[in-house]
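Protein chains in written order, with this note's numbering: chain A, 220 to 557; chain B, 220 to 557; chain C, 9 to 330; chain D, 9 to 330.
The set of hints was computed from the structure by calculation and includes no laboratory data.
Please note that a few of the clues may not be correct.
Unchecked claim - Subject to a maximum C-alpha distance of 27 Å in a straight line, what follows is the list of computed DSSO-like cross-link-like pairs (lysine-lysine):
#	chain 1	residue 1	chain 2	residue 2
1	B	272	B	223
2	C	172	B	272
3	C	309	B	338
4	D	280	D	267
5	C	258	A	272
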Amino acid sequence: MARKLTFRQAVNEALRQEMRRDPTVILLGEDIAGGKGSPGEQDAWGGDMGITKGLIGEFGERRVIDTPISESAFIGAAVGAATSGLRPVAELMFVDFMGVCFDQIFNQAAKFRYMFGGKAKTPVVIRTQMGAGYRAAAQHSQCLYPLFTHIPGLKCVVPSGAYDCKGLLTQAIRDDDPVIFFEHKLLYDVAEDVPEEQYTIPFGEANVVREGNDVTIVALARMVSFAKTAAETLAKEGIDCEVIDPRTTSPLDLDTILESVRRTGRLVVVDEAHPRCNMAADIAAQVAEQAFGALRAPPRMVTAPHTPVPFSPSLEDLFVPSPEKIATAVREARAYKA
Amino acid sequence: MARKLTFRQAVNEALRQEMRRDPTVILLGEDIAGGKGSPGEQDAWGGDMGITKGLIGEFGERRVIDTPISESAFIGAAVGAATSGLRPVAELMFVDFMGVCFDQIFNQAAKFRYMFGGKAKTPVVIRTQMGAGYRAAAQHSQCLYPLFTHIPGLKCVVPSGAYDCKGLLTQAIRDDDPVIFFEHKLLYDVAEDVPEEQYTIPFGEANVVREGNDVTIVALARMVSFAKTAAETLAKEGIDCEVIDPRTTSPLDLDTILESVRRTGRLVVVDEAHPRCNMAADIAAQVAEQAFGALRAPPRMVTAPHTPVPFSPSLEDLFVPSPEKIATAVREARAYKA
Amino acid sequence: MQINRTELLEAYRKMRTIRVFEERVHEEFATGQMPGFVHLYAGEEASAVGVCLNLSDDDKICSTHRGHGHCIAKGCDVPGMMLELYGRRDGLCGGKGGSMHIADLSKGMMGANAIVGGGPPLACGAALAAKTLGTGKVAVTFTGDGGSNQGTTFESMNFASVLKLPVVFVFENNGYAETTGSSWSVACGDIVNRAPAFAMPGVMVDGHDFFAVHEAASEAIARARAGEGPTLIEVKVDRYFGHHEGDSEKYRAPGEVAKLRAEKDCLKRFRKRVTEAGLLQAGELDAIDRDVGALIDRSVKAALAAPMPTAADLMTDVYISY
Amino acid sequence: MQINRTELLEAYRKMRTIRVFEERVHEEFATGQMPGFVHLYAGEEASAVGVCLNLSDDDKICSTHRGHGHCIAKGCDVPGMMLELYGRRDGLCGGKGGSMHIADLSKGMMGANAIVGGGPPLACGAALAAKTLGTGKVAVTFTGDGGSNQGTTFESMNFASVLKLPVVFVFENNGYAETTGSSWSVACGDIVNRAPAFAMPGVMVDGHDFFAVHEAASEAIARARAGEGPTLIEVKVDRYFGHHEGDSEKYRAPGEVAKLRAEKDCLKRFRKRVTEAGLLQAGELDAIDRDVGALIDRSVKAALAAPMPTAADLMTDVYISY
Ligand SMILES: Cc1ncc(C[n+]2csc(CCOP(=O)(O)OP(=O)(O)O)c2C)c(N)n1
Ligand SMILES: Cc1ncc(C[n+]2csc(CCOP(=O)(O)OP(=O)(O)O)c2C)c(N)n1
Ligand SMILES: [Mg+2]
Ligand SMILES: [Mg+2]
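Construct the entire structure; sequences and hints are all you get.
Here is the structure:
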């Protein structure tokens with residue numbers, strides 16, 4: 220049965236249901252219950268965004284583990300535990316904190332299986348918040364999934380809504396490879412129909428969010444809804460957009476994108492990350508290489524600028540790609556004449 | 220006066236000359252002199268590849284500083300010192316170690332100026348070794364410059380030979396922004412004519428290594444010589460390649476690349492980094508977006524595969540893009556018919 | 009350690025400014041007009057001011073996400089800070105940094121830092137510069153109890169000790185890291201117990217007592233200036249507000265803050281001590297209170313009326329040249 | 009702590025195997041046919057073996073770049089290791105890892121690690137798994153003196169102590185990190201002095217004495233199994249070769265290694281002690297020496313003759329599914 224759930228609730232439910240099903244799933248992170256060693260209530264926060272609230276009540280301290288501020292230690296511990304019989308889900312509070320623990324992710328978790336000749340299994344999930352729009356400034360607002368996507372051995376999930384979130388997170392926990400699960404902080408309060416029962420969404424299968432024949436828009440995470448808004452505006456102008464949400468950047472469902480571009484001949488990629496070496500470039504380049512003959516206009520990239528994320532609301536609103544910018548790029552692609 | 224210098228000697232000379240000229244330049248790193256606190260010779264190593272050998276003799280312990288194995292501390296110290304009147308050149312022995320100190324680079328050094336409203340100046344250089352081919356396996360062979368190129372506020376230098384190395388490193392030290400200077404370990408023993416006197420090479424100016432009219436090959440660092448080899452083979456087949464070495468990935472001299480592609484109509488980008496969100500994609504996508512009308516064939520990307528770097532020589536040799544693979548891509552680009 | 013009248017007045021003015029600034033930001037935030045994550049320093053004033061009174065503009069400090077107090081103690085422009093918190097164009101950082109990145113290098117304030125453990129390596133760098141250039145200057149890094157568990161902090165202490173850097177590690181232990189109790193997260197109980205592991209002197213001081221903090225800092229800073237290397241100071245303090253504005257504070261004991269405010273307020277203690285000892289007159293302090301109140305008032309009004317940055321500002325200040 | 013005859017023979021066999029393996033790798037490397045960075049453990053045998061004799065296959069260890077000794081002590085297949093060092097297809101890691109990434113999870117050997125400080129967080133994880141699953145198993149992480157200064161190591165100690173994890177931190181202090189002296193880089197002199205900072209017991213042992221190591225490890229492991237949390241053990245050892253093969257070793261005192269070999273060899277000491285005490289016969293040990301010599305010989309010959317991985321192997325083992 221489907222009910223409306225926010226993205227926040229979808230994460231919580233996916234964790235709860237999978238923890239019920241599989242006793243080897245544990246959670247680790249800073250203040251994910253909250254109140255550890257403090258005089259007041261336990262489960263005082265449920266993480267800084269309240270995502271994991273209530274889980275310690277059901278699963279106890281043995282499985283919902285608050286940690287000191289020691290990301291290398293606890294992310295590394297999650298990785299080590301994953302090679303030793305658990306399926307840990309660690310919370311890196313903001314992906315911006317990767318800089319103090321990246322080694323455990325990209326040199327350890329990502330490479331074990333290959334370095335050890337196929338003999339390791341590291342089923343760890345790292346959940347992390349990303350994205351601009353919260354007025355959280357340069358060190359709490361980055362996307363950074365391109366950095367993780369670059370690394371062989373990692374899988375990267377960038378859900379755009381509550382329904383996908385639940386299915387992808389359930390898949391992530393059951394997956395036997397290390398998964399980085401990016402939660403856009405501006406999506407937490409957005410609700411969608413979400414079935415009560417468990418389900419999984421396979422990685423590497425894009426979702427065609429809207430069908431259309433004139434221009435293919437590929438968008439990630441929060442940008443998917445912006446792309447849909449743009450598509451609706453454009454529909455009124457007689458431009459029929461296909462909107463594709465890859466859902467995972469690694470693996471990437473390039474086939475669905477290629478198939479679409481072969482039909483539309485036009486591509487706009489929308490990526491909230493900084494412009495250099497990002498997913499917009501990744502997708503645009505692969506499409507240009509593999510569907511060149513089908514392209515009737517230059518592939519267009521709509522991204523954040525090459526600047527840190529500014530604090531001031533007036534600047535941050537300019538920083539994030541907007542439905543208007545997406546629409547402009549689509550119009551230009553559509554209007555292109557060789 | 221120019222003499223033959225190896226890339227290794229070029230780094231050493233650039234450091235030495237700039238340290239003579241500017242008393243605020245200091246060096247920091249593990250074993251960069253060597254023998255600190257040990258009973259034998261001081262300057263025992265000059266860094267693990269002998270690059271900084273001899274500098275402590277001339278400049279003393281005050282300016283050539285061995286450190287404990289504490290990358291966050293000493294890279295961070297270099298960054299902090301750069302805001303406080305020094306021009307530190309820190310050595311991150313292998314770029315693979317970024318995982319234990321990335322925060323100090325991407326959240327601190329890179330963002331100070333923006334976060335502080337233009338009021339900071341952080342003239343720090345981080346020299347680091349990169350690249351495969353040394354049988355150094357998964358945690359000592361990565362390129363990783365795409366990760367740094369993604370970050371606004373950093374400049375990234377990827378020299379391909381001794382001459383450029385000296386001029387670019389001198390520029391890096393004089394530059395007022397944070398610079399990551401990538402030294403490909405397989406280039407250290409390669410010699411070129413290098414002038415004795417100091418000179419600088421500006422960032423963001425590509426070097427057209429070979430002129431040609433049929434296909435544009437853009438290659439980085441060690442791949443430049445591979446591209447030249449491929450171009451020579453292809454010349455015999457009547458394919459006239461232009462080879463462009465961007466020298467810096469951030470800033471990137473896109474204009475020179477675009478101008479070339481507008482002439483040749485064909486682009487092959489060679490990048491030793493892993494294929495996802497890398498420089499090959501970055502350049503191919505920008506060219507596809509901005510010179511679409513000029514392209515007569517799909518842009519091609521020749522990169523390492525999406526695997527960690529394997530240890531076994533037989534596998535590592537397959538891992539690294541080869542002149543043959545480059546030549547094949549060029550031939551395909553040349554042969555492409557719409 | 010002698011503190012003269014001028015210094016005492018200055019200390020009181022700064023502590024008072026911090027307190028009123030923070031209380032006011034608390035109110036302003038509640039109106040919904042102040043953007044971002046805001047972490048208030050109220051209750052901890054004696055720490056920042058007790059330490060920074062020993063420093064000149066050329067000495068450096070590195071701060072944390074809870075940085076307003078350190079800014080004010082180090083002499084940053086208060087109206088400029090308020091503009092910054094509101095994201096205004098003329099803010100201390102042009103509106104680009106906000107509360108978590110507020111900085112003024114010209115005052116030796118190297119920045120709040122939104123990365124826990126971000127400051128200690130940077131402070132080592134400032135200290136290294138001072139040592140290399142022979143300026144006799146020092147660096148101080150403020151870290152919380154939570155931040156004391158970060159690897160970057162630990163290794164900076166060893167690094168500083170090995171290189172005998174003129175740096176002081178001040179740990180402001182306010183009992184909590186977000187919701188997490190420091191008596192739990194710091195395995196050895198008191199942070200000061202870690203000093204021997206880094207071969208540096210360690211002192212614990214009562215952060216409600218401005219004079220105790222000032223004295224401990226003064227000694228540590230003198231050691232640093234004399235080339236004798238780093239010192240660890242643990243300052244026991246309390247925070248009067250939530251971790252950040254909006255925090256429900258359920259992890260605290262009922263009535264905890266009210267009790268702290270009543271019994272351990274560093275400002276009240278300071279006032280009592282200096283007036284009872286006849287060092288300053290109550291009237292002088294009252295005048296400062298009025299001044300400060302007016303300053304904060306003015307600052308908020310100015311900030312609310314000030315212009316935002318515009319599109320032209322988005323792309324500037326990324327590089328010096330590019 | 010009682011050690012029975014079988015265990016003593018096993019201990020000697022393993023120490024001897026490590027020694028001969030390393031001496032032989034040293035020779036093989038010199039021929040230019042062995043690729044990569046190779047760091048030899050010769051001289052430190054009593055540490056790995058003294059610790060690991062207390063462990064079963066289900067207990068875990070994390071190692072360092074200097075990992076051959078830990079592998080052998082933990083029961084990894086010796087011919088498979090030699091194949092791996094030569095990058096052969098049938099090596100312990102299919103030739104993909106090499107010396108710096110050699111591992112065998114089925115033996116509880118979680119890997120050499122080419123990142124200094126890489127192991128301690130992972131060992132905390134193995135210990136956390138043991139604790140969560142209630143298996144009674146433990147994890148041991150080996151770290152060098154140089155690695156003791158890495159932030160990841162420090163924070164793992166606090167983390168393990170806070171969570172009372174069944175993990176033992178073994179610091180093999182061989183006096184050097186590459187060329188850098190440990191008495192300089194470890195500000196507090198002996199690493200064991202750091203134990204109180206992490207509220208865990210600390211012991212220093214003479215790493216030339218197998219029995220001393222074994223006893224200290226046995227106690228620490230028993231504590232861990234009993235749920236009493238982590239222990240720090242500093243083992244003073246010596247390395248007989250350079251940091252890596254090819255090292256000029258100019259940072260050492262002249263004659264240093266010859267003296268160490270003559271006076272402090274853990275294998276000689278072991279032999280002397282067990283034969284003098286009548287625990288084992290010289291002949292038994294000689295037989296082991298012969299066995300081991302033959303094993304290493306065979307391993308090298310087999311490795312040299314074995315096939316390399318091929319193109320088909322390049323893209324496998326990145327993911328379980330993708
Ligand atoms: C590396 C990193 N990890 C986690 C956080 C999230 N965070 C911000 S403040 C904080 C608590 C800090 O506690 P403490 O150091 O005691 O300082 P206090 O807030 O008490 O002043 C946490 C966990 C962060 N900003 N950076
Ligand atoms: C993070 C990181 N920094 C630096 C290195 C380079 N490195 C490899 S081994 C080593 C010295 C390690 O010394 P120690 O921990 O004492 O171990 P030992 O070699 O003496 O066994 C260094 C600096 C590395 N591999 N990883
Ligand atoms: Mg605190
Ligand atoms: Mg050592």
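Results for each hint:
Taken as a hint, the residue 272 of chain B and residue 223 of chain B pair is honoured in the structure, with Cα atoms around 18 Å apart against an allowance of 27 Å. Restraint check for residue 172 of chain C and residue 272 of chain B: satisfied, since their Cα atoms lie roughly 24 Å apart, inside the 27 Å limit. Simply put, residue 309 of chain C and residue 338 of chain B have alpha-carbon atoms about 25 Å apart, close enough for the 27 Å limit, and the pair holds. For the hint linking residue 280 of chain D to residue 267 of chain D, the alpha-carbon distance of about 18 Å falls within 27 Å, and the restraint holds.
Taking the CA atoms of residue 258 of chain C and residue 272 of chain A, the gap is about 13 Å. The hint holds against a cut of 27 Å.
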